[in-house]
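Number of protein chains: 2
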Amino acid sequence: MANTSSLNIDPKRVQEMIDLFDPYLKNKLLPFWLENSIDREYGGFLSYFDRNGKPTGKTDKTLICQLRMIFTMASAHRAGLGEGKCLQAAKQGVEFVIEHFWDKEFGGWYWITDRAGKILDDSKIMYGQSFGVYSMAEYALASGEALGREYAEKSFDSIQRSATDTYAGGYWEMFHRDWSRKPGGVYGGDRKTLDVHMHLMEAFTTMFELTGMPTHRRKLEEIIRILVEKMLDPKFGTGLAQFDQNFKPLRAIIFQNVWGSDRPPEEEARPLNNTNYGHNIEMCWLLKHAIDTLGADLEPYKPIIKKMVDQAYEWGVDWEYGGIYVEGPNDGPATQTLKEFWQQAEALTGFLDAVLIFKDKRYWDAFENIFNFVWNKNINHEVGEWYALLEQDGTVKWDYLGHEWKISYHTVRAVIQTLKRLRELQKMLSE
Amino acid sequence: MANTSSLNIDPKRVQEMIDLFDPYLKNKLLPFWLENSIDREYGGFLSYFDRNGKPTGKTDKTLICQLRMIFTMASAHRAGLGEGKCLQAAKQGVEFVIEHFWDKEFGGWYWITDRAGKILDDSKIMYGQSFGVYSMAEYALASGEALGREYAEKSFDSIQRSATDTYAGGYWEMFHRDWSRKPGGVYGGDRKTLDVHMHLMEAFTTMFELTGMPTHRRKLEEIIRILVEKMLDPKFGTGLAQFDQNFKPLRAIIFQNVWGSDRPPEEEARPLNNTNYGHNIEMCWLLKHAIDTLGADLEPYKPIIKKMVDQAYEWGVDWEYGGIYVEGPNDGPATQTLKEFWQQAEALTGFLDAVLIFKDKRYWDAFENIFNFVWNKNINHEVGEWYALLEQDGTVKWDYLGHEWKISYHTVRAVIQTLKRLRELQKMLSE
Chain R
1 MANTSSLNID PKRVQEMIDL FDPYLKNKLL PFWLENSIDR EYGGFLSYFD RNGKPTGKTD
61 KTLICQLRMI FTMASAHRAG LGEGKCLQAA KQGVEFVIEH FWDKEFGGWY WITDRAGKIL
121 DDSKIMYGQS FGVYSMAEYA LASGEALGRE YAEKSFDSIQ RSATDTYAGG YWEMFHRDWS
181 RKPGGVYGGD RKTLDVHMHL MEAFTTMFEL TGMPTHRRKL EEIIRILVEK MLDPKFGTGL
241 AQFDQNFKPL RAIIFQNVWG SDRPPEEEAR PLNNTNYGHN IEMCWLLKHA IDTLGADLEP
301 YKPIIKKMVD QAYEWGVDWE YGGIYVEGPN DGPATQTLKE FWQQAEALTG FLDAVLIFKD
361 KRYWDAFENI FNFVWNKNIN HEVGEWYALL EQDGTVKWDY LGHEWKISYH TVRAVIQTLK
421 RLRELQKMLS E
Chain X
1 MANTSSLNID PKRVQEMIDL FDPYLKNKLL PFWLENSIDR EYGGFLSYFD RNGKPTGKTD
61 KTLICQLRMI FTMASAHRAG LGEGKCLQAA KQGVEFVIEH FWDKEFGGWY WITDRAGKIL
121 DDSKIMYGQS FGVYSMAEYA LASGEALGRE YAEKSFDSIQ RSATDTYAGG YWEMFHRDWS
181 RKPGGVYGGD RKTLDVHMHL MEAFTTMFEL TGMPTHRRKL EEIIRILVEK MLDPKFGTGL
241 AQFDQNFKPL RAIIFQNVWG SDRPPEEEAR PLNNTNYGHN IEMCWLLKHA IDTLGADLEP
301 YKPIIKKMVD QAYEWGVDWE YGGIYVEGPN DGPATQTLKE FWQQAEALTG FLDAVLIFKD
361 KRYWDAFENI FNFVWNKNIN HEVGEWYALL EQDGTVKWDY LGHEWKISYH TVRAVIQTLK
421 RLRELQKMLS E
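If you read the sequences in order, they're chains R and X. Residues 1 to 431, numbered by the numbering used here, are exactly what the first sequence covers, in order. Residues 1 to 431, numbered by the numbering used here, are exactly what the second sequence covers, in order.
Just chain R, with the same shape it has in the complex (with noise of 0.2 Å):
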């Protein structure tokens, strides 16, 4: 037997939560987004749709979702859904995201175009850039499609000729559509955050699993070591939010024009001593599965992991009303105890990882709670998908289902992964 005597966990109710995941996947969640996203007049996805799953008559077409349908849809196929479907649906997608958002003078995406590809915005922003790499790469290993992998090398290849910091390491996230730097402050063009740094290492791990060649392993171990090394706290290990050019943490401040513009404005930035369960959490498992598909050692990466999780554990989870709050203090409770939907999709990753590399009965306890939490609050069952956002007591507040920002990637993700580490841990348990 494994060492998991001590986790002390029902396989009983292991299998009840795959038996209620499952079937939720293939016949509600995955239905939803292959029935109503795909655009059949003009290609490419719609994402607007309200709490009944009703398009809201928004059409605009925002990089981010696109881009995230096709990692959905691809990633679905190579999870063995959707009998076809689902890569069709791709096919799609990248065949409206190359025609109408790749910038063939100076490479890159463009940022917002309306329903029919015409150019909105033609900023390229580097969040985004990094989902065309992570997209296109699932794309071309669910597809083993030349196009998929060719417009992969061309996103990997445009950040790094146009969006390193050769001076002193990591990434400018924000430039105008010529590669030139927005300004700083509330542009951003200044600043380097974790939130990009993490979703190039997310993205860059399927590009190396794609390629195997050696500048994708080297990019990738080196961002890996940019998070590790310079993004964390020194003192509690968890992320810090934003930094100047040589990594010095600033309170992290809201940037216009991008994901996150749908929360309301601050009067004042956020204090250093603060940090995001959500992030943390998906940090570690995206970590995790970066270290996997190099090869490499997990065993010096434990210590940070445990750091991360044992603070979302102990300050991020709601034992009350189940989920996990926004954030808050790394020493102390939560300050936003608002629920969003893609904090408790990264959870339930990251808790169910934490089982598995640990096997500590505390953060399935955690898995429990979220899981529970999501599936009676969070879920949309009627339509499928989840709500936007929700009260710490689970009352809908922002009921959309979709829109500029919100898509299918966060949690059919995090169904699939939730699905994968529930197998294994069924296995591990009857070792």
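Careful: at least some of the hints might be erroneous.
The list treats identical chains as interchangeable, and a pair is accepted whether it falls inside one copy or across any two copies.
[To be verified] No more than 35 Å apart at the CA atoms, straight line, and that leaves these computed lysine-lysine pairs for DSBU-like:
#1 12 <-> 104
#2 307 <-> 420
#3 302 <-> 427
#4 420 <-> 26
#5 85 <-> 235
#6 235 <-> 54
#7 302 <-> 248
#8 235 <-> 28
#9 26 <-> 85
#10 306 <-> 26
#11 288 <-> 248
#12 104 <-> 359
#13 58 <-> 306
#14 154 <-> 118
Simulated from the structure, these hints should not be mistaken for laboratory data.
Got chain R sorted already, so can you dock chain X onto it with the hints?
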């Protein structure tokens, strides 16, 4: 009148130098290379010539010599020389290297081929890669051909994709064909050097001159900052030679398999208080050229340039026999008192630039000293090209005119750049 009264330079002496160099360039130096180096059988260039300018029998083709010949010929054409013959020579060189040296799979340029273009060493060495950018951009500027710009961009993009250190900034320098890093120590895979970063600045300057693109501007600005802020001795302001990943200065060692490997092996690493006069003076004028090309203000860089020029003036110039020594400590007499041809060449341009910037008669004295030494000792006037290495007193030590790493780049460029500056000086003196 410009503030040149303190210069006290005899305009007749300036004219005299022009009258020596101009016909020498047109009738001797350039014709030597045009008549002897073009490989009319296989394409590309032949680079091995004995003291009489006769082929030595060696015919392997090194990346550096092929690309430097392309640069030389393209730059001579841009300087109005050769009546089309220089451009023709460059063109057939471009075609040869694209066919035989460019790696279509991994990107970047191979290191050595045989005469016919069969690969003998497929390493990717950044010193050579930098000349890929420099020569292709210069060729594009000379010819206006799309092919030149295409390969300038391909070279630039390969470097950015595969050689940057995105963890700590700067560039790694020694790679295998697939861009995996070479081992450390004498293979150089774990070191960063002033030499390579200086040549990247040189290359990025011409790249930006060609395209005006924000990406090329930023990479040039970044490498200027690396050189100026991380690679100069904090006390003396002169160039340090080698560094670890985080730019900690290291005692310099000689790498295997590179352009410097014709120097005898050393018993031990060189001390940290050791600087190379020729490199410093070359960096000074390349830095000024980069700043001018960016359209930036030279003022903040003047103290940086002055320190290096003054150090070379004080300890590098041989006031007894003439010429500039190889290297020595920052604050004492030279320890290597031989006279390398390329250091003489770069000192011509560098000291003359210093005359134009600082209007200081001392720099003119240094320039005149080196000009006389070059004219009387270094040039083989019967043939046209310069001897490789001289004893302190000017006796020829290594008498070949061309080989694996010695070619027309330093000499032709120095004469073109010196003539250009002598004419600027004439204008300044007459104002």
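For residue 302 vs residue 248, is the C-alpha pair at or below 35 Å within one copy, between two copies, both, or neither? For residue 302 and residue 248, the Cα distance is within 35 Å both inside one copy (25 Å) and across copies (30 Å).
Have a look at residue 307 and residue 420 and pick one of within, between, both or neither, based on CA distance no larger than 35 Å. Within one copy only: 24 Å inside a chain, 64 Å across chains, cut-off 35 Å.
request  = At 35 Å max between alpha carbons, let me know whether residue 306 reaches residue 26 within a copy, between copies, both or neither.
outcome  = The answer is within: 33 Å in one copy meets 35 Å, while 72 Å across copies does not.
Inset, instruction - Check residue 26 against residue 85 for me: Cα-Cα at most 35 Å, and say if that holds within a copy, between copies, both or neither. - result: The answer is within: 12 Å in one copy meets 35 Å, while 70 Å across copies does not.
Review point. When no copy is named, should residue 58 and residue 306 be tagged within, between, both, or neither for a Cα gap of at most 35 Å?
Key: neither (42 Å within a copy, 62 Å between copies)
- What label fits residue 154 with residue 118 when the C-alpha limit is 35 Å: within, between, both, or neither? For residue 154 and residue 118, both the intra-copy (22 Å) and inter-copy (29 Å) Cα distances are at most 35 Å.
Residue 235 and residue 54: within-copy, between-copy, both or neither at 35 Å Cα:
neither (47 Å within a copy, 69 Å between copies)
Query raised in the report: Which holds for residue 85 with residue 235 at a C-alpha limit of 35 Å: within a copy, between copies, both or neither?
Result: neither (48 Å within a copy, 67 Å between copies)
Could you place residue 420 and residue 26 in one of the four classes (within, between, both, neither) given a Cα distance threshold of 35 Å?
-> within (14 Å within a copy, 74 Å between copies)
**OP:** Tell me, please, which holds for residue 288 and residue 248 at an alpha-carbon limit of 35 Å: within, between, both or neither?
**Re:** both (26 Å within a copy, 31 Å between copies)
*asked:* For residue 302 and residue 427, with the copy left unspecified, which applies at a CA distance of at most 35 Å: within, between, both, or neither?
replied: Result: close within a single copy only, 22 Å intra versus 69 Å inter.
**Request:** Can you give me the call for residue 104 and residue 359, within, between, both or neither, at a CA distance of at most 35 Å?
**Result:** This pair counts as neither: shortest intra-copy Cα distance 50 Å, inter-copy 48 Å.
Checked against the numbered hints listed earlier, the structure breaks hints 1, 5, 6, 8, 12, 13; every other hint is satisfied.
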